[in-house]
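S.K.: These protein sequence lines are chains A and B, in that order.
Per numbering that gives the first Met the number 0: the first sequence = residues 0 to 406.
Per numbering that gives the first Met the number 0: the second sequence = residues 0 to 254.
Don't read these hints as lab results, they were simulated from the structure.
Where is the CB? At the ideal position from N, CA and C, for every residue including glycine.
One or more hints might be untrue.
Calculated lysine-lysine pairs in the DSS-like style (CA-CA distance at most 25 Å, straight line) [said to hold, decoys possible]: (1) A:Lys69 <-> B:Lys199; (2) B:Lys202 <-> B:Lys54; (3) B:Lys18 <-> A:Lys293; (4) A:Lys70 <-> B:Lys52; (5) A:Lys222 <-> A:Lys69; (6) A:Lys70 <-> B:Lys207.
What the simulated footprint calls covered on chain B by chain A, stretch by stretch (three residues with Cβ under 8 Å from a Cβ of chain A suffice, anywhere in the stretch; the number is not a length) [what the hints assert, rightly or not]: (7) 72-79; (8) 145-157.
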Amino acid sequence: MFCVRRCIRPTLQQLAKARGISSSCIDPNIGLTTDQIEYRDAALNFAKTELAPYMQIWDLSEEFPIETIKKSAELGFGGLFVSPDYGGLSLPRHDGSVIFEALSQGCVTTASYITIHNMVNAMIDTFGTEDQRAKYCSELSTMEKLASYCLTEPGSGSDAAALVTRATTDGSKYIVNGSKAFISGAGVTDLLVVMLRTGGKGPKGVSALIIDTATPGISYGQKEKKIGWNNQPTCVVNFDDVEVPCENLLGAEGQGFNLAMHGLNGGRINIASCSLGAAQQCLEDVLHYTNDRKAFNQPLNANQHVQFKLAEMATELTTARLIVRQAAKSLDSKEPNAVALCAMCKLYATERLFKVCDDALQLHGGYGYLKSYPVQQFWRDSRVHRILEGTSEVMHMLVARDLLKHL
Amino acid sequence: MSGLRVLVGVKRVIDYAVKIRVRPDSLGVVTDGVKHSMNPFDENAIEEAVRMKQKKIVKEIIVASCGPPQAQETIRTALAMGADRGIHVEVPAGTDANLQPLGVAKIFAALVEQEKPDLVILGKQAIDDDANQTTQLLAGILDWPQGTMASVVSAGDGALTITREIDGGLEDISVSLPAVISADLRLNEPRYATLPNIMKAKKKKIAKMDPASLGVDITPRLKILNVVDPPVRQAGDKVPDVSTLMEKLKEKGHL
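Just chain B, with the same shape it has in the complex (with noise of 0.2 Å):
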């Protein structure tokens, strides 16, 4: 297998190290002038690809993200890692969070419309939503096989195998192509952006695209109605014996 076309989508989200803070309004958390960086599990994504082309399985890598106009940072990190070009597809900042899902599933079938790749890698969730859901809507929209949760990726005759990580285990699959694949923590270890590298990717290109251009309508379909911080953790009770220990779980209603 070689000479595949890689579509690979990455995600600026608020830095795995930041702490996090609810917003006053309830709404969502603090992004102002908060560290953001790339999607965890994209980096995983980027790395796979850079490591497909570096085998000549795979010939060219573009890189898409889907966001307001800082998401273009994310998309040079993408690009220094080893990616040949970057898609931008813009909304105004601020307006970000009400992305979801099934918009950007919608934007990835029309940029795979547009660009024909054979394989799209995404990151398995991104870790600001957690939806774990575009891998999955885009190859439903697409019609296209999916393989999902991906912890090693082989290129065999025409198909790729893929081992899942799932509850029970890990399960190999067998995919044909095109497909859509979404990268686990554990496919492989992403490499450093390196100064040299980061200084070429200045000359790579970076096309600037919206949603209405590629007929997208991204109006959020889901409602956020309220955002909390989890429970403070309370202290526990020493109970005498189990019969006061059944009393008290029947009592708070564990039982």
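The following block holds chain A by itself, in its conformation from the complex (with noise of 0.2 Å):
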């Protein structure tokens, strides 16, 4: 209880010196529409209000805040990118970065959670039958039920096409066996989007099933010990001859790899994002640190060394966030060169903004390593978006293979 009580008081001191940062160079208004401006209003609003004063505490507790994520689908967080004919908003996916960062600014690990279930229910919406939306989105959109995706293996992650858990079918049935690994949401959800192999070796032979997780066959690893994302359960899943039925194929069978990849160009989008939440966070929180704090008789910031460097972060945080919204315009208007765009944006600002997070924390000094302060839950948070929906060792690739392919 002690140490749930001290985690409390320094985040809601942040609330309180919440300064007015408009028309400053960080604002992440800068560029947003009227419309835009209130859905980042309304998101920041409820990060501030439900989230950034348990953050801390769900983080040391690892406990999945599922009726927090469920109040989220109350203002409409369930469903940005889903058709309003099942419960969804249909918004850009340039509004969707704006409310993901803002999100993102009250807890990173419950934002990225939000990203994952809104990146299923959109390849539903987009890839489903009628029957298959009518079916699954609206209770994804209400997150009546939440939802997983599940694409990497213990054997196979960056070199996806590698999976090996397999559907086989006597036309009235798949039966799936194999394992999926690093499942965010493993053991709460309700729904997965499983890529599985139904056909030969590579891509071409992956198809994608809706698998309902009540389905017997279907069990769990041992919850992941992390050393961040810690409110999100990551764990193994095993299918042992899990029937699914035909109905439940997403998409047309050896599709299921472009779909995947399909949800991940959002997705990549959507953690950038969230790195940019974490980032402006950190840097919001450290402008005052450096501003109270005193050595040798003055404030940190009165220093020019502290000065330049909060500006490099200013400058990175405001590029980074350029960049990622975009990436985000270029893929809402289905531009050839979103997929490289996407890339670009994670790989930009998931390293550079872990670095502005890192600096923020040896800012703060030895509070920095305090679990007490915020800023190094940010850090641990943001850490593994350098990993995750893409390593940025595959950004490198995809970007690079665009390149050669103009030449």
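Build the complex from these two chains, which are given one at a time in their own frames, with help from the hints.
M.R.: If you want it as structure tokens, here you go:
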């Protein structure tokens, strides 16, 4: 209990000191329309009230805040990109980025889970049959059901097309055998979209199935102990002769890999947006800290080195925001360079903004290392953004591929 | 009681979390480029009206705001919370600091004349001037009963029962309609403006007018002479005994 109280106090202090950053060079409202500013305000309000005061508590207890996540659906955060026919808002990816960035200022982990849920919902809405959309999307939009995305396996991550989980069929149903690893939300979520092998080797042999987690034969490994994203369970999911009806095939047989990659384009913008929120909050916090903390008879921010470091951090943040939003706009207009831009934006934002969080931690001195200050949690939580939904190395591959394609 | 029409007033103020800076000319605070939002007590006012509408006591909520062009954002937030339509009484940007409670009360009296609501709900005070006057002035101009600092509002037969938060504790009063109420913080927990409601609110109408067209003269009656920061807290003094304490207190003019 003592630990919990100590955690709350600095967070409340940060809330009380929120300064007006409107019109400053790191204002996330730069370039936004009035509508987008309203969406951001709604998301930020939710983040500051429902997420920020609890993020450190949830991190320590490793509790998955299901009630709060479902509450976010009341604000429309369950189906941002899904058709209004199925409870969604049909928002462009650009608006989604603005919203996820704001949510991440409250809690990166919770916001990231909401992005994953949205990614799965959008995949079913985009590639599903009318029946599938009617059956699954409405429930996902209200978050009556929660979803997980299953691509990575114990033996294949970056080399996703090498997956071995297999679905055999006798015409009446699929039988799934194999394992998926590092699955966010596993053990708690109700619905999985699983990429598995129905055909031969390589990407063309991969299909996607919608699988209800209540189906017999599904079991979970132990909840992994991670250095961050702690209030989101991550487990291995095992499939042991799991029977899945044929009508749960998402898209066509052999289309699964394309579907998965399509989902990830949006997913990369979302994860990059979560890094934006983390860096924004860290920078706002450290601007206050370096103003208040005194050393050698003056506030830290009277030192030119500190000022220059803050200026570098601010420049990285605003620059990263520009490329993330541009990638979102390109994806919305279905530009041919959208895939490469999504890769670029994730590469740039997750790598550079992790360093911003790291610099913010350093500027906090000893206090940066204490769990009672939020900066370390933003640092730990955003570290994984350089790895999941496509490592930075894979992002390099995608950008290079685009460059060479145009020679 | 049902089918009431309610007029709710909202004000765009500097956001409560912002660090306030006094202007170099000491005649006000810096508002340029500073985050603004709806006055927190006005959120309670809108929320109460929306709850009454959900209970079918109220059938229409009109939200009105007096202010610069950006006041439209505040009206939109109210529409997203559940108001049906808006009225923006616009004053030129930069002159809104001259809008004082008497002027606003006169504007609202003119709106009441125009819209003929059964009930007006305002926030008890704005967090920028902390005046707590508009409700009382408006009730006086209209010669309507007032229920200020309301922390509970219940609808009875032809009258509202209001619990007021006063210095001595709580006071219950019965108020016949039409009336003016001011909302206190503990009246309710304002709802979030949800994304679907924000999108729906875009279709709701906001009528624009100016004080002159309502026949109201908003020339300020009060002149601000000086605005300064509160004095910096001084360190205290430790004294060895009571007689020294009495001496010091007399010295400083506290006794």
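S.K.: With reference to the structure, classify each hint as holding or not holding.
M.R.: Each hint, compared with the structure:
no.	hint	result
1	A:Lys69 <-> B:Lys199	22 Å, holds
2	B:Lys202 <-> B:Lys54	24 Å, holds
3	B:Lys18 <-> A:Lys293	20 Å, holds
4	A:Lys70 <-> B:Lys52	23 Å, holds
5	A:Lys222 <-> A:Lys69	22 Å, holds
6	A:Lys70 <-> B:Lys207	36 Å, violated
7	72-79	holds (count 4)
8	145-157	violated (count 0)
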